[in-house]
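Hey, can you work out the whole structure from these sequences and the hints?
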Amino acid sequence: MKISIQINEGPYQHQASDTAYQFAKAAIERGHEIFRVFFYHDGVNNASRFTIPPQDDRNIVNQWAELGIKNANGEPELVVCVAAALRRGILDESEAIKNGIDCNNIHPAFRISGLGQLIEAGIQSDRLVVFGD
Amino acid sequence: MKISIQINEGPYQHQASDTAYQFAKAAIERGHEIFRVFFYHDGVNNASRFTIPPQDDRNIVNQWAELGIKNANGEPELVVCVAAALRRGILDESEAIKNGIDCNNIHPAFRISGLGQLIEAGIQSDRLVVFGD
Amino acid sequence: MAIKKFMYLNRRSSFGTVYAIESLEVVLVAAAFDQDVSLAFIDDGVYQIIEGQNTNGIGMKNFSKTFHALGDYEINKLYVSAESLEERGLSADDLMPLVYEDEDDNWVEKSSVKVVSNAEISKIMSKQDVCFSF
Amino acid sequence: MAIKKFMYLNRRSSFGTVYAIESLEVVLVAAAFDQDVSLAFIDDGVYQIIEGQNTNGIGMKNFSKTFHALGDYEINKLYVSAESLEERGLSADDLMPLVYEDEDDNWVEKSSVKVVSNAEISKIMSKQDVCFSF
Amino acid sequence: MLHTVNKSSFERNSLKSCINTIDDTSVILLIEDGVISATKNINSSMIANLANQGRVYALQGDVEARGVSSKLVDNIKLVDYTGFVDLVVEHGTSVSWV
Amino acid sequence: MLHTVNKSSFERNSLKSCINTIDDTSVILLIEDGVISATKNINSSMIANLANQGRVYALQGDVEARGVSSKLVDNIKLVDYTGFVDLVVEHGTSVSWV
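Residue numbers (our numbering), protein chains in the order written: chain D, 1 to 133; chain Y, 1001 to 1133; chain H, 2001 to 2134; chain L, 3001 to 3134; chain G, 4001 to 4098; chain S, 5001 to 5098.
It is worth saying that the hints were derived from the structure and are not from the lab. Bear in mind the structure is a predicted one, so any value in this text is a computation, not a measurement. Please note that the accuracy of each hint is not assured.
As the list claims (entries may be wrong) - Now the in silico label distances, taken between C-beta atoms and shown as ranges: (1) H/Asn2106 to D/Ser94: 20 to 28 Å; (2) Y/Glu1029 to H/Phe2033: 43 to 51 Å; (3) H/Gly2089 to G/Thr4082: 27 to 35 Å; (4) G/Thr4025 to H/Glu2109: 35 to 43 Å; (5) Y/Gln1124 to D/Met1: 55 to 63 Å; (6) S/Asp5023 to L/Lys3005: 21 to 29 Å; (7) L/Ala3032 to G/Ile4042: 45 to 53 Å; (8) Y/Ser1094 to H/Ser2117: 56 to 64 Å; (9) S/Asp5023 to H/Gly2089: 25 to 33 Å; (10) D/Ile97 to H/Ser2111: 45 to 53 Å.
Beta carbons are placed, not taken as given, at the ideal position from N, Cα and C, and that holds for glycine.
Structure (structure tokens):
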């Protein structure tokens, strides 16, 4: 089955991203396809390549990245909502340049796109599961 | 009176930072001293200089910065907990270099420091008010 | 492409958290996709469409007017829990008069807001393909 | 410098949100400041110190053992709401046996956990100079 | 003491816990979504008595934002942010029921 | 349908709202702090009947993390993350009571 996931909360503060990750991993192991993971609200903070958790703790951003969720064109299907991301300071190279900021902080396993990608995930997938606060 | 503030949530997702800002502004206008604002948990995300809210919305990070809360040595007293910040990807230059990251994202009106600064704020201030989820 | 039924479940009030405004942003985008869209307002979500919101005192954007735009996008199924209203001492009269023009009925202006029981919301929910919660 | 009375108010369980572990991190730092420290566990906060937590299944750090270290830092006033325990079907026997050695009483090992009524927590709270909530 | 509550009594248990724990001299300030608890609703009995004693405040900006100015329980005292600051100064230790 | 609830019935109203709204064929999966509602406590009557009908699941990892394995209401079905995936696949549309 094609399953998509929406994540509304950032890493560490709430368990949402942890649970969603365990769910996505289990779904893949079960032979399902994760069509897309859409990071919305504070969920966009899961995409920061700047996170440095303590050594004895899990690295949530890297866990997501290592799942390697991509589409047939090899593009990441860990998708970060652009409006929510800008509001919270998650930038890719193009948004950084556009806004005159010297640097980006998005992890390369993620990509920034519009809210239409969430609707599309709902249309294209057999199931959509939301994880939030 | 000396008043300190603890903020547990990031910008936009929760009203906590907005309310704390309005409170701090009113306290200063009332002639009180804001001894320190300590950003903990997701509160550290208030310190990102990368945030770009929509043009018709408030810029919470800049609002805090414009309050210009500093100590007698001219150092910012908008203090971000280092452990919480690293976990969530808020870095100053020194932490970025130490962790091999090419860039920092902290707004210059804030500084990163340890949890001891929160305890010290509790000791030194006449009042401490917490804003959270 | 088959039309899917999408429900947006709104359970929180507007300014304490960002969920309400960012939910509305999704709904407006969804309008472009020609799907079947319903909004459910239960629990404190009913406060999202209460009449007379004024954010001057809190320095935040008053986006409640944006709900009036939904009708123009043919989003006109806003289900409000009667029980949630009643528990909160509210009635349908306290809500914003959100309307749409019915193209199948000579463009007559009709109300988009339907106050229904939880049992009815349950039935409507059961027919959805996708439920977004914020 | 005068000693101040600090209370840490814990109202949430351990793994659903980060507040519990980051609160404990503050308490451990506070120990170095020689202030008077009390911890209150009410509502779902009582689950923070329940015996037998095992996080193997959720991929998160089990920091519950860290509570055992508090006694070594002379943090030995852990007040647990009797009403909160009872509502949750729990009793003092379900809690971790957290102890300290009393330097004023020949280093006898004593319990750091005191199950008290909300009325008693209220009295203790009234005497605090600072209350941290997470 | 000053106790602040920032969530609706419908969504969370924080107001109930606060009321269960405060002493006779404490006051409550409802802020953010907490002002929903200042309205006449099925939970109003939780605060009606305290309000009659003049011990319940609500942040005016939050009340107006939520469109409930005309629906408040009797004897709730409205304050602005300056009033919030004054309450913090007057009432000693602050406890946030976040 | 599958309804997930991730908060304790003591802290929030989400379980109550879920139960008030679901139809007779829906099942509930308690995850994260939601598993607290799977324990024997003063709120247990909310789910006891649904559990007896075999319609209440709880995520085992979350139950064990919170140390409440021995305190569950009768007939709660424990699942791991794979079981969670299977519930999503079997029960059609998922609703998250976040």
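Now for the hints, and whether the structure bears them out:
Between asparagine 2106 of chain H and serine 94 of chain D, the C-beta spacing of about 48 Å breaks the proposed range 20 to 28 Å. Here the CB-CB span from glutamate 1029 of chain Y to phenylalanine 2033 of chain H is close to 48 Å, well matched to the stated 43 to 51 Å. Checked against the given bound of 27 to 35 Å, the beta carbons of glycine 2089 of chain H and threonine 4082 of chain G, roughly 29 Å apart, stay inside it. With their beta carbons about 56 Å apart, threonine 4025 of chain G and glutamate 2109 of chain H fall outside the hinted range of 35 to 43 Å.
Distance hint check: the CB atoms of glutamine 1124 of chain Y and methionine 1 of chain D are about 58 Å apart, consistent with the given range 55 to 63 Å. Between aspartate 5023 of chain S and lysine 3005 of chain L the Cβ separation comes to about 53 Å, which falls outside the hinted range of 21 to 29 Å. Between alanine 3032 of chain L and isoleucine 4042 of chain G the beta carbons are some 48 Å apart, a value that agrees with the proposed interval 45 to 53 Å. Between serine 1094 of chain Y and serine 2117 of chain H the Cβ separation comes to about 59 Å, which falls inside the hinted range of 56 to 64 Å.
Between aspartate 5023 of chain S and glycine 2089 of chain H the Cβ separation comes to about 28 Å, which falls inside the hinted range of 25 to 33 Å. One distance hint, 45 to 53 Å for the beta-carbon pair isoleucine 97 of chain D and serine 2111 of chain H, holds here, with the actual separation near 47 Å.
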